[in-house]
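Work out the full structure, taking the sequences as your base and the hints as a guide.
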Amino acid sequence: MAKKRKIGIFATLLVAFTPFSVIAAEDDLTEVLEQGLDVLSGYSNLLPTVIILLLLTVLPTILLLMTSYTRILVVLSFTRNAMGTQQMPPNQVLIGISLILTIFIMSPTIGQIKDVAYDPYVNEEMTIVQALEAAEMPLKEFMFKEAQTEPESINMFLSLSGVEETPETLEEIPMSVLIPAFITGELTKAFKIGFMIYLPFIMIDMIVSSILMSMGMMMLPPSMISLPFKVLLFVLVDGWELIMKTLIMSFG
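Residue numbers 1 to 252, in our numbering, belong to the letters of the sequence shown in order.
These aren't lab readings, by the way, just hints derived from the structure by calculation.
Accuracy of the hints is not assured; some may be wrong.
Stated by the list, open to error - Straight-line C-alpha distance at most 25 Å; calculated BS3-like pairs for lysine-lysine: (1) Lys245 <-> Lys189; (2) Lys114 <-> Lys192; (3) Lys230 <-> Lys189; (4) Lys145 <-> Lys245; (5) Lys189 <-> Lys145.
As structure tokens, this is what we get:
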């Protein structure tokens with residue numbers, strides 16, 4: 001009897017306190033959900049900051065693609081490969097030369113951007129949005145002038161973008177069309193210049209290979225023998241001066 005009485009008391013207590021335990025569990029679950037929502041809201045507030053940081057990371061590359069940097073760096077890389085000097089000059093030197101020549105070539109455009117956008121913004125004569133819109137026009141003029149030599153690129157990207165009416169003025173051409181057309185034209189011009197640079201060095205390789213074969217030295221690498229002659233020829237004709245002059249004049 002005593003055992004049955006203890007079981008009955010335990011069952012009564014269990015039935016009596018079960019609702020309170022369920023309520024407590026529900027309260028804990030609600031608190032956990034609220035904390036989770038707070039964390040998610042914190043991440044949502046952080047998302048714009050992450051997007052801005054990502055844009056700042058890729059912005060320098062995008063800006064360089066809108067300048068003469070692409071053509072200069074590709075031509076200098078072609079020159080190094082044509083000479084067969086491996087990593088001489090090193091990549092850092094080529095990048096530095098490209099940046100300096102880019103600043104030299106883009107100085108008129110940079111001056112225009114300073115006059116129409118930067119100075120008015122610093123003097124609080126326009127907002128940041130207005131300054132960006134004003135800075136867009138000098139860049140458009142530079143890119144359009146260079147892209148005009150390859151008009152097929154502009155027409156191709158206009159058709160791919162779904163523009164029904166052909167733009168009649170420069171202001172009507174969207175940057176989303178002008179930038180890829182400009183980059184395509186720059187690569188085309190750089191490869192044409194690179195082809196012309198390769199020709200004299202290929203001739204030296206062919207002459208050295210013919211001489212080695214006639215002497216029976218077929219196991220001797222022709223590139224190793226021709227390298228000093230390539231460097232000598234490049235120095236005698238003032239190669240660096242010619243290439244830099246050609247690059248600068250190609251942006252006339």
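How the hints compare with the structure:
no. : hint              : verdict
1   : Lys245 <-> Lys189 : holds, 15 Å
2   : Lys114 <-> Lys192 : violated, 33 Å
3   : Lys230 <-> Lys189 : holds, 24 Å
4   : Lys145 <-> Lys245 : holds, 19 Å
5   : Lys189 <-> Lys145 : holds, 14 Å
When held up to the earlier numbered hints, the structure conflicts with hint 2 and nothing else.
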